[in-house]
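Here the protein sequences line up with chains F and U, keeping their order. For the first sequence, our numbering begins at 7 and goes up steadily by one. For the second sequence, our numbering begins at 2 and goes up steadily by one.
A portion of the hints provided could be inaccurate.
[Said to hold, decoys possible] The calculated DSSO-like cross-link candidates involving lysine-lysine, where the alpha carbons are at most 30 Å apart (straight line), are:
1) U:K260 <-> U:K202
2) U:K156 <-> U:K214
3) F:K258 <-> U:K48
4) U:K361 <-> U:K202
5) U:K214 <-> U:K361
6) U:K266 <-> F:K142
7) U:K421 <-> F:K142
8) U:K92 <-> F:K258
9) U:K48 <-> F:K98
10) F:K98 <-> U:K38
11) U:K373 <-> U:K92
12) U:K373 <-> U:K202
13) U:K38 <-> U:K156
14) U:K156 <-> U:K213
15) U:K523 <-> U:K619
16) U:K252 <-> U:K213
17) U:K38 <-> F:K258
18) U:K93 <-> U:K156
19) U:K93 <-> F:K258
20) U:K361 <-> U:K373
21) U:K48 <-> U:K156
22) U:K260 <-> U:K373
23) U:K213 <-> U:K92
24) U:K38 <-> U:K252
Please keep in mind that the hints were generated in silico from the structure rather than gathered at the bench.
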Amino acid sequence: MAKDVSHPGAASGPGPRAPAAPFTHDVSTEEPSLFESVGAHFILVLAVAFSLYPVLWVVSRAFSGAQPAAGELFPLPHQPTLAHLEAVVLAKQGSTWLFGRQLANSLVVSAATAAVGVIIAVPTAYALARFSFLGKDRGVRALLATQMFPTVASAIPLYLILNWLHLLNTRTGLVVCYASTSVPFAIFQLRAAFEAIPVDLEEAAMVDGATRFEAFLRVVLPAARPAIAVTALFAFMSAYNEFILAATLLGKEEMFTLPVVLKRFIGEYHAEWEKFAAGALVVSIPVMALFYLAQRHLVAGLTSGGVKG
Amino acid sequence: MKRLAALLVALVALVFPAVARATPIRLWHGYRGDEEKALLQIVAAWKGEPVEALSIPFDAYDSKLAAAIPLGEGPDLYIAEAHHLGEYRVKKIVAPAADALESGAFSPTALSAVTMDGVVYAVPLSQKCVALYVNTGLVSDVPADLEGIAELAGKLPQGALYPLGYEPRQLYSLAALLNAFDVPPLGEGDQWSLIGPRAEKAAEMALSLVEKKVIPEDADTALTSTLFRAGQVPFVISGPWFAADLGGLVKYRVALLPKVRATGKPMRPLLTVESVMLSPQGAARADVRALARLIAGREGALVRARLGPTPSARTDVELPEGPARVFAEQAQTAVPIPASVAMGAVWEPANQAIRKVLRKDATAAVALAEGKGRFDNVRRPLPDAASPVPLAMLVGAVGLYFAFRWARLARAERWGQELKKSLPAYRYVAHAVVAVGLLVIIPLVMGAGTAFTAGNDEARRYVGFANFVSILTARGGSLLASGSFYLVLGVTVMWAVVNVFFHVAIGVVLALILSRPTLRLKAMYRVLLIIPWAVPSYITALTWKGMFDRQFGAVSAVIRWLSHTFGLQMEPIAWFSSFWTAFTANLATNVWLGFPFMMVVTLGALTAVPADVLEAAKVDGATRWQRLRLVTLPMIRPTLAPAVTLGTIWTFNMFNVVFLVSGGDPDGTTNILVAEAYAWAFTRQNQYGYAAAYAVLIFLLLSFVTRLTEQKPEPTAKEAH
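Assemble the whole structure, with the sequences as input and the hints as a guide.
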């Protein structure tokens, strides 16, 4: 059952691992032709238009004093106003700035989820990528299986378990739930990334006297930065937009995360779409800022295929 | 003896502080904005224990109540609509109101709505129902009857498109018309009532209103409100909440719903009675009951009356001239939504039947009979308790088999060595095993266990494989009927495969372009392209739905513009009337929502493509295309594989978009399996066992498929030349 992993990672890197000169940054130093550049920008602009168009409706809703007439092609705010935005953002409870508090909740909960999720997933993924151990295949299958099972009947058991752990009505409980649900994807993603990192890199470090753990910290983790950024972003996003668990597990308004707050604008009979739209836009700004920071780690050529020296 | 006494003391200390200590009163509600302010203002007059009020979104309200109250974590009192009482009573989360109800203060209609089997279970607050809004800037008179309003079609004032804004596609609003034909929402003895010649006449009348362009065909609340504000319809049938949308923008008044000439009877809307309910723990406290009395008291009613035209359920509150008085008058003739549990099973089949009639996919008689079939299906008697022996034997046999295998493995010489060799690796995985095991796997397994049961709470019983048999035999109906497991499975597979194909294709292409080193404005493009992922999908999915509206949607506007500019013969499409177009609409929305994730994953994967390998390939004379096909793609494949596998599994089980965009239309055909599971759990009489059986089947299917694909030999990676 246990696979031969004497050369772990060997199966994953299909290309020839030719020892190469210390790698230089730019692959295609060749100047792309004008035609190609224009083509690339054309496709990107098209894709951006596709991404933005529906959001323009949200923007128009958020900043309209009057509802736009039906049947328009290009949405522009009618009687532009900031009233909805103010109503959402400046919400207060007594003297505390409730919205700020809830935004902080969302950010803290999501960041903690990303951190906890990645911290749990990284060593596991590394073990899966590098070691052979009893129960490994079974474990991986069980991990994949957790993703296949619809959660339709598991809300009440989860509630009972959190109650038993005394984590109901706490943000910690929420973080723990989010992190454990984001762990399976993180493990799979990171395992693939670790497998793509040539094992020679660590071995070289270990020959130089580093322990395996040190090699892992100093060589493997930096090389897996892009994958860690992707998994962290994913864990962050899934926590940041989650609504049902947050609404069910938290019992105080000052603990709520933003999706719960936003969802309150949608009543059973009547919805305050303008406020929801304004809130939705505010909510997406931190995510975009975060992605702007994270995307710097998503640059081709961070890893080199060869062993230096 | 001494120790026993100490234990007793400890026990008393444990129990008594809970009783003696000042415990705040927990109050849950779903209000926001002005309604919330009013409630807090009323509660501020309370002199007793401090009140902790919490506002909860309505989507999560019922499940939160049901989860929290039995554990003692719930509210002492909460505000909910009376028609949930039947369900709450079954779940044991509501207790009789007893002296919380001030006798003689409430309208008889409201009282009847909160009374079940002769016991009053809640204290009524307000009564909501629809009435007729009239744009007085457009019309001066209200025609005598509905037919009179219909006759205005074609002779409308300047700018108006339709005479009436009315949502015929929902039972909630169509019930007003049905009542005029003496068709109640739920029949005697909890039977399906929407059947027979009178119900057919009412449905046909709704269809004729659409066909004669009296009402817009796909009207929903948002569209109706837009049209009314823009002066495009003079009349709208809606409730007190509609007034908040209008602000001071339109001059209007409210009138009673018109008569129906065909029957000579008035339209009678459904009545929602908002009320204060007591949880069992709250009902035991005299001060909680007093607080309920205060909230429903006269002072409170006066505070709420300042908010808007929603009439109080009390009879001793003087109402101002205007909408409030009209709504109060309308409420007297309204029909309270039945609180019986059976009513919960009416909405979905009724809406489906009505839509089928309006699409002209079936005659009223056929569609309503089909609705009855669906209702009876949901209400079918639960399977009898079964003997657990067969399952126990099966579990035992499987357990024995594995025990035997493991024992043999363990006896093997290598095993001990391997275990020893594995120990260091276990240190790396232990915490993941604990976290995932405790918070993911145990809840799932416990949930899966309910698949072998039926009924709720104490009535829950072991039924063996009855749920599975029932699902796999399509509940005795045709195996290829709408809603049968096999048909839905086909749609689900297609849904997952097509979606993931587009996610990956678009994601990879964009990522390849975005990772070009010479590309300018890279960071800007990247951030703009993840916007679909960043903006909460709830609102963007609904925006997409709006874009697919046949009459007023942006997609139709584009089609019209295209056909106008290029002289093409294209008509706007009724997207949600046929399976393929509805599926396409769902697909477009979900592709839009999902490609940024694949793009980001691919960007991450591309970083692992070593530059020197590409360089070497280039030196060897590989063209750009060859390098992409022979080097880049094979190298990102292993990193993309988990995202693609998981993406497929997630999409298989993700019904948010289907729920929000097509809502299963037409006729539930665009639903996917997991949506069926959720429907059985939440809208079809809370049959959690049945829902769990769906979940187990989904799980078995997916693991079977992944096992199949797993065993395929990995295609040997091609070497770069």
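Results of checking the hints against the structure:
no., hint, in the structure
1, U:K260 <-> U:K202, "holds (15 Å)"
2, U:K156 <-> U:K214, "holds (12 Å)"
3, F:K258 <-> U:K48, "holds (22 Å)"
4, U:K361 <-> U:K202, "holds (14 Å)"
5, U:K214 <-> U:K361, "holds (15 Å)"
6, U:K266 <-> F:K142, "violated (72 Å)"
7, U:K421 <-> F:K142, "holds (14 Å)"
8, U:K92 <-> F:K258, "holds (24 Å)"
9, U:K48 <-> F:K98, "holds (24 Å)"
10, F:K98 <-> U:K38, "holds (12 Å)"
11, U:K373 <-> U:K92, "holds (26 Å)"
12, U:K373 <-> U:K202, "holds (17 Å)"
13, U:K38 <-> U:K156, "violated (45 Å)"
14, U:K156 <-> U:K213, "holds (13 Å)"
15, U:K523 <-> U:K619, "holds (24 Å)"
16, U:K252 <-> U:K213, "holds (27 Å)"
17, U:K38 <-> F:K258, "holds (17 Å)"
18, U:K93 <-> U:K156, "violated (56 Å)"
19, U:K93 <-> F:K258, "holds (24 Å)"
20, U:K361 <-> U:K373, "holds (18 Å)"
21, U:K48 <-> U:K156, "violated (60 Å)"
22, U:K260 <-> U:K373, "holds (28 Å)"
23, U:K213 <-> U:K92, "violated (46 Å)"
24, U:K38 <-> U:K252, "holds (27 Å)"
Figure legend: structure checked against the earlier numbered hints; hints not met, in rising order: 6, 13, 18, 21 and 23.
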